[in-house]
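Read off the chains here:
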Amino acid sequence: MSHTVLQARDICKNFHDPVTIQVLKNINFSIDSSEFVSVIGKSGCGKSTLLYILSTMDTDFEGELLIDGESMRNRKEGDLAKIRNEKIGFVFQFHYLLNEFTVLKNVMLPGLKLGKLSDEAVEHQAMERLKILGIEDLALKMAHQISGGEKQRVAIARALINDPLIIMGDEPTGNLDKKNSEIVFDIFKELAEVYHQTLLIVTHDQSFAQKTHRIIEMEDGQIISGH
Amino acid sequence: MTNHRLIIGIAKSLLLARWRQSLVAAIGVTFSITMFITLLGFMNGLNDMLDSLVLNRTPHIRLYKDIKPNPDQPIDLSDVYQNDYNFIQSLKSSGGRADIYNSGAIMQAIRSDDRVVGYAPRVSSPVLYNSGVVNLNGVVNGIDVSAETTLFSFSDYVTSGIATDLKNVPNSILLGKGVADKLQAELGEIIWVTTSKGEQQPLKVVGYFQSGIQDYDKVQSYTSVATAQKLMGKSNSYITDIQVKLKDINMAPPLAKEYAQVFQTDAEDIQTANSQFETGSSIRSLISYVVGITLLIVAGFGIYNILNMMIYEKMDSIAILKATGFSGADVKRIFLSIAISIGLFGGGLGLVFGFLLSLLIDQVPFNTAALPTITTYPVNYDLVYYMIGIAFSIVTTYFAGYFPARKASKVDPVVIIRGK
Ligand SMILES: Nc1ncnc2c1ncn2[C@@H]1O[C@H](COP(=O)(O)OP(=O)(O)O)[C@@H](O)[C@H]1O
Ligand SMILES: [Mg+2]
Numbered sequence: 001m002s003h004t005v006l007q008a009r010d011i012c013k014n015f016h017d018p019v020t021i022q023v024l025k026n027i028n029f030s031i032d033s034s035e036f037v038s039v040i041g042k043s044g045c046g047k048s049t050l051l052y053i054l055s056t057m058d059t060d061f062e063g064e065l066l067i068d069g070e071s072m073r074n075r076k077e078g079d080l081a082k083i084r085n086e087k088i089g090f091v092f093q094f095h096y097l098l099n100e101f102t103v104l105k106n107v108m109l110p111g112l113k114l115g116k117l118s119d120e121a122v123e124h125q126a127m128e129r130l131k132i133l134g135i136e137d138l139a140l141k142m143a144h145q146i147s148g149g150e151k152q153r154v155a156i157a158r159a160l161i162n163d164p165l166i167i168m169g170d171e172p173t174g175n176l177d178k179k180n181s182e183i184v185f186d187i188f189k190e191l192a193e194v195y196h197q198t199l200l201i202v203t204h205d206q207s208f209a210q211k212t213h214r215i216i217e218m219e220d221g222q223i224i225s226g227h
Numbered sequence: 228m229t230n231h232r233l234i235i236g237i238a239k240s241l242l243l244a245r246w247r248q249s250l251v252a253a254i255g256v257t258f259s260i261t262m263f264i265t266l267l268g269f270m271n272g273l274n275d276m277l278d279s280l281v282l283n284r285t286p287h288i289r290l291y292k293d294i295k296p297n298p299d300q301p302i303d304l305s306d307v308y309q310n311d312y313n314f315i316q317s318l319k320s321s322g323g324r325a326d327i328y329n330s331g332a333i334m335q336a337i338r339s340d341d342r343v344v345g346y347a348p349r350v351s352s353p354v355l356y357n358s359g360v361v362n363l364n365g366v367v368n369g370i371d372v373s374a375e376t377t378l379f380s381f382s383d384y385v386t387s388g389i390a391t392d393l394k395n396v397p398n399s400i401l402l403g404k405g406v407a408d409k410l411q412a413e414l415g416e417i418i419w420v421t422t423s424k425g426e427q428q429p430l431k432v433v434g435y436f437q438s439g440i441q442d443y444d445k446v447q448s449y450t451s452v453a454t455a456q457k458l459m460g461k462s463n464s465y466i467t468d469i470q471v472k473l474k475d476i477n478m479a480p481p482l483a484k485e486y487a488q489v490f491q492t493d494a495e496d497i498q499t500a501n502s503q504f505e506t507g508s509s510i511r512s513l514i515s516y517v518v519g520i521t522l523l524i525v526a527g528f529g530i531y532n533i534l535n536m537m538i539y540e541k542m543d544s545i546a547i548l549k550a551t552g553f554s555g556a557d558v559k560r561i562f563l564s565i566a567i568s569i570g571l572f573g574g575g576l577g578l579v580f581g582f583l584l585s586l587l588i589d590q591v592p593f594n595t596a597a598l599p600t601i602t603t604y605p606v607n608y609d610l611v612y613y614m615i616g617i618a619f620s621i622v623t624t625y626f627a628g629y630f631p632a633r634k635a636s637k638v639d640p641v642v643i644i645r646g647k
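Line by line, the protein sequences give chains F and P. Following the working numbering, the numbering of the first sequence begins with 1 at its first residue and continues without gaps. Following the working numbering, the numbering of the second sequence begins with 228 at its first residue and continues without gaps.
Think of the hints as simulated: they come from the structure by calculation, not from any bench. Beta carbons: idealized from backbone N, C-alpha and C, even for Gly. No false leads were slipped in.
What the simulated footprint calls covered on chain P by chain F, stretch by stretch (three residues with Cβ under 8 Å from a Cβ of chain F suffice, anywhere in the stretch; the number is not a length):
{"id": "1", "segment": "239–253"}
{"id": "2", "segment": "545–551"}
{"id": "3", "segment": "554–566"}
Next up, chain F with everything else stripped away, as it sits in the complex (with noise of 0.2 Å):
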């Protein structure tokens, strides 16, 4: 059974630096649980800026977001950071790793931060999601030793830690060679099809988006295709 997980009604956002220009236009799309979709459009267009918003690390924008039935408005910092921490995982383009932690300690911080497991139970958690992605035999090595490909693995495996709602990606794949670039997407169609994880990852691939469920197109701040 399907439901809602994520909800924009009439998003839109200005910059005002220095002249005000609106980014997004009225932005309206829904995204139904186990759905994997890809928002595609060119540089500029407004996509990091869309993701930022629908993460909830962006609160400065007019319209309405929901996370799972639940509007987002007016919502305390240290809220909004609770709903990242339960519901969302997010994988950046660059790796974002902690680079003072292993490996395991970088998956296992939102876990930890979410504090409803024992600290054993997150770190097998966390070893159980290392194995799904391949790379569990880098638990211990820090996480300034292992390669861009395994960093973005790691990324994915952290987003996965707390079994979110939801996983956003802003071009998790542009800054990868073709081959970790294919095995990253890998992970994301597998994650889908085997696990039923809802994905909304960003990116300007096109043979990338082609592979995913349903694909929204973005120009100049608003959706042309893809609703």
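Following the hints, position chain P with the ligands against chain F.
This is chain P with the ligands only, laid out in the frame that chain F set:
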């Protein structure tokens, strides 16, 4: 809270990843706390020494008979002028007795007062010392050696000879070092003492004493109460001063008033007699606090710098923590924990080094003619300074860490992530 452990854990990792800078910051704190502890220990050691120089051997209350005009003048007794305000010009002090009236009964009463540790009677008289052709003005004090020693550490200041000889050797005298030097009086020598009434008496020098106050040592000398009474041709009830030591020094002013009233004598309390010493002590303390706090503030800036640098370096990490669900408050706590860890570590080390440095200073020889009982620099090891030191280091590092931590908590992850 598990969250607390997590925050501390993250702080620890960030700290250890930059352990060199963190150590430098901690050493700044260590240095200032070390100086703070040493300075306070040393300054207060000096305070204690100077206090003991004066306060410990000063009676808390001194009962005496002042020379002043009689408050009851005949005109006040006259019926005619009863309702007038009477001015009397050129009024002279009434002569007569310099001793305390009814001293025996007063001492009895003081002995049974349970606010009192003890008392020591004195008979003081101006005299002329003669030895050879030298005549010297001075004051001879008849004292009860055992009482003076237990209450006012008298024997500590006897540098040659034995204090109790005053009691054991008849007609003996202990000369102030200055007096002895001027008279060239050797131990065992006989000197002559002449009172203002013209009576002369040979006394045997059994020792010298050195109070640390030279002007005092140039005039004073001690003998037994009985010898002094005999010297002055008075009976054994003749006592000019009764020196009282109290259990609580702060009780001195009210009790002095009470005694003055009850015993009908003059009474002076230690606070009134020595107010200038209190001022000196508090100014020395103030100086050490000011220097200590200044050093700590400098160390605080060190911590502030390190944390600011760390935050600039860790912008990505902060953004990631926030993106994955750590709140601004969590981030703030992480950086505050780092600051306070530096403070605690640096401060704790500072206490140890401060203690060691104090021990070292305590060993340095310090000989001065004025202070016969002191052989090394005085140091005070009061635990309070150590507690103040560690409290200061935590407070300073907290404030030094607060502003960088707040800045970190306000980092907007979108700006950082987009900036890449
Ligand atoms: N902080 C900002 N201030 C002003 N304009 C911005 C800011 N961030 C992004 N923009 C503009 O918003 C538009 C959309 O940017 P972005 O969402 O990053 O596009 P995309 O991710 O699709 O390449 C761009 O024209 C960009 O220049
Ligand atoms: Mg972008």
